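Peer 1: This is what each chain is made of:
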Amino acid sequence: MDLSFGPKYSAFRDKVRTFVREHKDKQPASGSAPKSSGILNWQALLIEQGYHSRTIPEEYGGYGAAPDIIESRIIAEEFAREQMNTGLGGQGISMLTPVLLEMGTEQQKQQFIRPSIQGKLAWCQGYSEPGAGSDLASLTTKAELDGDEWVINGQKIWTSSAHIADWIFCLVRSEPEAPKHQGISFLLFEMNTPGIEIRPLVDMTENANFNEVFFTDVRVPKHQIVGQRGQGWKVANAILGHERGSLAPPDAANARLNGVIRLMQQETIDGQRIIDNPVFRDRLMKLQGRVMAMQYNDMRLFSSRINKNQDTKLAGMVVKLIGTELRHEIEGLAIDVMGEIGLSYGDNPYIRGNGSWQYQYMLYLGLIIGGGTSQIQKNIISERGLGMPKEPKIETKRGA
Amino acid sequence: MEFGLSQEQILLQDSINRYLYDQASLDVVREIAAGDTDDKTIWSGLAEMGVAGLMIPEEHGGVGLGSMDAVIVAECLGYHVTPSAFLSSAVIAPSVLLSAGYTNDLADIAAGTFRVGIAFSEAIGAREKAGIVVSESHLSGKCLFVLDANADAYLIATSEQSIYLIRSDAAGVKRNQLTTVDKTQTICELILEEVKAELISTDANIYLKALDTGRVIQAADTLGAAQCMLDQAVAYANQREQFNRVIASFQAVKHMCAEMAANLEPCRSMIWYAGHALQAVPEEAPLIACHAKAHLAEVGRFVAKTATEVHGGMGFTDLVGLHYWFKRIGCNRQLLGSPERLREDAARIQSLI
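Residue numbers (the working numbering), protein chains in the order written: chain A, 10 to 409; chain B, 37 to 389.
Same shape as in the complex, but just chain A (with noise of 0.2 Å):
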């Protein structure tokens, strides 16, 4: 066990700390719009800095640093630390950068990273369909060639910020013949092209955090694929992993965990401060110790991507189904603490925290669905990581 970064990286640090202390107040307003001047700034400043797009090579716009987990890890520890706006994320730039940068041609990267790195160029995923959830290698959204254009029908779902992305990277079945895993492709193509139609999906939250999205004769010229036509699939796999891990990181969880315990100690009932009630104490203590064990794997993991002979599969495995069920139960214990406050939502007087405890409440639910279910989940885990076999095939109606 050795949990120091070592000497090598104290002035590493040092360096980051000093540029967090000199441009706190130099930050974005919260709540300012995707493509507003000082979120664009500041995205610059970000990338020329380094702390931003750090290791995405130079000639596409990021920093081009050597990649260094380490780095990276203080970064991050340092922004967070004094709650620094780390710039812009979204599917684009988590997800899609990566893919290009592995997989794309030259001219797909020197077109699209440089822009989307910068919050130029805002993206959408096309994935999920109605008939293809869980089952997403299922999808039946056609792309059929017409001489140098890709012509597409179909429907997808769950697609975050398609309202506002100026582009989609979205799978289609463009081998009809092929078994279904292999008869996918990777499109990319501009969201005003004719023939989209957006409805935004409102959830339980009240929000419209989701979209459907309808395809009637989209054309799309040939080259915009990133892969080989049938490979879609092999693409789309590597950056679901990426996602999956990122969608319930313990860091988090502990923050959100610290705010409960202040909660209770404001919240009173009768007088008495919730803390003083041993019963909401345990609950607490107990949603403590699993946020603790899930802080230490995380460190596991990370220590895992510096040291190549540690195995770590499996721990990598149960993030996202711990992950999101821990957080659904640290946001509902705030809503019991507060009783009949805890029901209010939107415009109350008696509101906490701008109802982000129902809201954060609501969204893990649908956090524990999206992304993989918690069901999915459990195959993985027991098939990949345990080593028991798969459920039978039953032959279907489409042979595939």
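Quick caveat, the hints were computed from the structure, so don't treat them as lab data.
Since the model is a prediction, treat every value here as computed from it, not as a measurement.
Do not rely on the hints blindly, as some may be mistaken.
Chain A side only, calculated, beta carbon under 7 Å to chain B, not exhaustive [unchecked claim]:
id, residue
1, M301
2, S312
3, L330
Just so you know, even glycine gets a beta-carbon here, dropped at the ideal spot from N, CA and C.
Given chain A's structure and the hints, the job is docking chain B onto it.
Peer 2: Leaving out everything else, chain B in the frame of chain A:
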């Protein structure tokens, strides 16, 4: 930065496991549980490998390893449900005696020829109005649920968290073994009448540090036992057939195993960190010790129940012997502070109450 076991620690783990596979098989455990023999042969074998003196410095006859190494050994012992004096004589006792600078018996403890049992129950939370009265270095009263019914001496903590040492053969000591569900660990009561004792410590910190260490090591024992139950459940499901399929191919069974693995795997990191914190981050140790033991008690109980269910009716029988692990986990849960009490301690450590 490396969060994990060193090469030496992996070797230690391998050699302990190999010894236990050979010398402490389930058949041997069954004999000890039935009272046909005791754990002395296993303990002297483990002592030869350095386990009894694991945490005792070389100058006192031990091997001078740390709490992280003790965690690894405890995980192995739990995995094999090994009857031994490890928690009491090799972990808690050396912690107390070294902190207090009382080195007289350390060489014998390290050799495995002198076993020290632990009577902390009344300091942790007295039941049945048990407790000890001290009068001019003589102890009278009753200690319940004392670790190790075969020990040569006992460390007794008073409700003021002072610690005394008594010899088992001293005049006025009456020792009754208490039968519990878990036959792999021996528990006794001590009834003392004017027993001559040596005062080891009046420093509450010495008691608390030993207790923290004991709690982490006991949680590591639960981790090992629960891991073994999960491994057995997966192996059983992979060979048991019903409806012309191995039952491991049914999602209902797979999901039970996945839930066990998902809850248990992060525990390994938690226990490793706790073992590390005891020796390297002492300011964090009290909180992580409470949480580690409480959390492992909960996850352990879940795994113990679920793994038994995966075995179906066979899990309920004595034939498979799964109940030894079930009971070991259950016993670890109650000793040295049950989870509810530990979570209250955790809240107190953070000044929440």
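Peer 1: Could you work out which of the previously given hints the structure breaks and list their numbers from low to high?
Peer 2: Violated hints: none; all satisfied.
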